[in-house]
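Asks: One letter stands for each residue in the lines below.
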Amino acid sequence: MVPQGLRYTKEHEWVRLEGDVATVGITDYAAHELGDVVFVELPEVGRTVAQLAPVGVIESVKAVSDLFAPVAGEVVETNPDLTSKPELLNTDPFGAGWMLRIAVSDKAQLDNLLDSAGYELLVAEA
Amino acid sequence: MAQSLGTRTSPLAAEHEALGARMIEFGGWLMPVSYAGILDEHRAVRTRAGLFDLSHMGELFLEGPQAAEALGYALTTNPSALALGRAHYSMICFQTGGILDDLIVYRLGPDRFMGVANASNAAAVSDALAERIDGFEVVLDDRSLATGLVAIQGPLAAGILKPHTDVNLAERRYYSIAEGHVAGVPALVARTGYTGEDGFEVFADHASIATVWSTLLDAGKKAGLVPVGLGARDTLRLEAGMPLYGNELGPDTTPFEAGLGRVVKFDKEGDFVGRTALAKAEAEGPRKMLVGLVVRGRGIARHGYDVFSGENRIGKVTSGTLSPTLNQPIAMAYVTPSSTEPGTILEVGVRDQRVPAEIVPLPFYKRPT
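In order, the protein sequences belong to chains W and D.
Heads up, the first sequence is in our numbering, so the first residue is 530 and it goes up one at a time.
Heads up, the second sequence is in our numbering, so the first residue is 26 and it goes up one at a time.
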């Protein structure tokens, strides 16, 4: 499942731009690859992040993975539900399992990311 | 997935593929790490039953009039003391006292034993045994590549297996073994496991292990038995406080440091490999001690993370995960022997933070009796 209208990174994250704010999460492909997510560490609100900088951590039963900022900007919100329900990343990665919102400093950076067709191709080749 | 040269395939590879298993390389074998998901598989074993493919393990048979003496020289335990059909947990150590592998030794007959070694060490254990039994009247038959192994574990395991074997399960105590049939094929049935639950391990030839697997998988379906991969095997054994070679055990660790000094039988007859070094290690006391930790802050302690007491780095985490049963992060760690008192609060370095963790007695989980 690769929803249309989103942007994607090669690290299997998705970005939805609404106005100047980008909502970020991981794709269902990533969620499936990780297996049961049991712990999520998210950046502090107000932190300025560079594009592709590590901003958080996703831990499954077996593995630890980094979360990268798909675009530069300021973190304006993180998903409070993930502390008690990290499994939302597995059950609803494109919805209730969203991870953070970034006030984008340069919207042109989204052009560096994959569109849904490009991401589908990436997953098909993985 | 990419498979490196020389990786071995389980005799149940086709079954795993049909079940949609995720495969990983482990100990030189391509094995299932999970099917439906590690958490579900873990909980199935704790509450119902799970079926494991452990065909990667090494099966080493020793037979001859001096089989017991030969093993007594090669290992730290005293297999001569084993009654027929009984088993014990043992270790094979280097001359230095470090651990080459941990294994279970089964007495199949007066002059016949089977040792089950870890996959990654099976060849090294086989080589060491061959060298150490030289001069004894005994023959080593390494059947690791011809023997399949399926484990059925969990509170419902005995009930599921019972109608499909001629071995009297009620008579099989924990750590015992009998020859018989499972699903109509010749098999060895042992009441052993690595999950902290009751259960059985069924050894059969490669050609017939698929019959055992399919029969038990079908038979257990109604009762909620599921196939379980190595991912849940690791979380299950960690909750049960059982050591894993490469994590808690290795050449730089003695059995005493691992809290397993009971497997070193100094009072047995005859010499054994590592005796001098182990006696010295026991007299001098451990350089480190294995402890259980429960993380009391936010974060999961993982293999390799540093352990601190105040500003001092006093050890390293050997295994850690979120315990599916306790829903808390648990870990095992080696720490300096002065900091092993349960209740002591230490800290684990989780990335750039120090997270508090409390020393607790092992195991983390004990099955209700």
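Worth flagging that the hints you see were computed from the coordinates, not collected in a lab.
Heads up, a few of these hints could be off.
What the hints assert, rightly or not - Straight-line alpha carbon distances no greater than 30 Å define the calculated DSSO-like cross-link-like pairs of lysine-lysine that follow: (1) W:Lys591 x D:Lys341; (2) W:Lys614 x D:Lys341; (3) W:Lys591 x D:Lys187; (4) D:Lys290 x W:Lys591; (5) W:Lys591 x D:Lys305; (6) D:Lys247 x D:Lys313.
Asks: A separate judgement is required for each hint: does it hold in the structure or not?
Replies: We went through each hint and held it up to the structure:
1. The hinted pair formed by W:Lys591 and D:Lys341 meets the criterion: a straight-line CA distance of about 18 Å does not exceed 30 Å.
2. Simply put, W:Lys614 and D:Lys341 have alpha-carbon atoms about 29 Å apart, close enough for the 30 Å limit, and the pair holds.
3. Of the pairs offered as hints, the one joining W:Lys591 and D:Lys187 is violated, with about 34 Å between alpha carbons and a cut-off of 30 Å exceeded.
4. Between the alpha carbons of D:Lys290 and W:Lys591 the distance comes to roughly 36 Å, so the proposed pair goes past 30 Å and is violated.
5. Taken as a hint, the W:Lys591 and D:Lys305 pair is broken in the structure, with Cα atoms around 38 Å apart against an allowance of 30 Å.
6. A distance of roughly 47 Å separates the Cα atoms of D:Lys247 and D:Lys313; the hinted pair therefore is violated under the 30 Å criterion.
Of the numbered hints listed earlier, those contradicted by the structure are 3, 4, 5 and 6.
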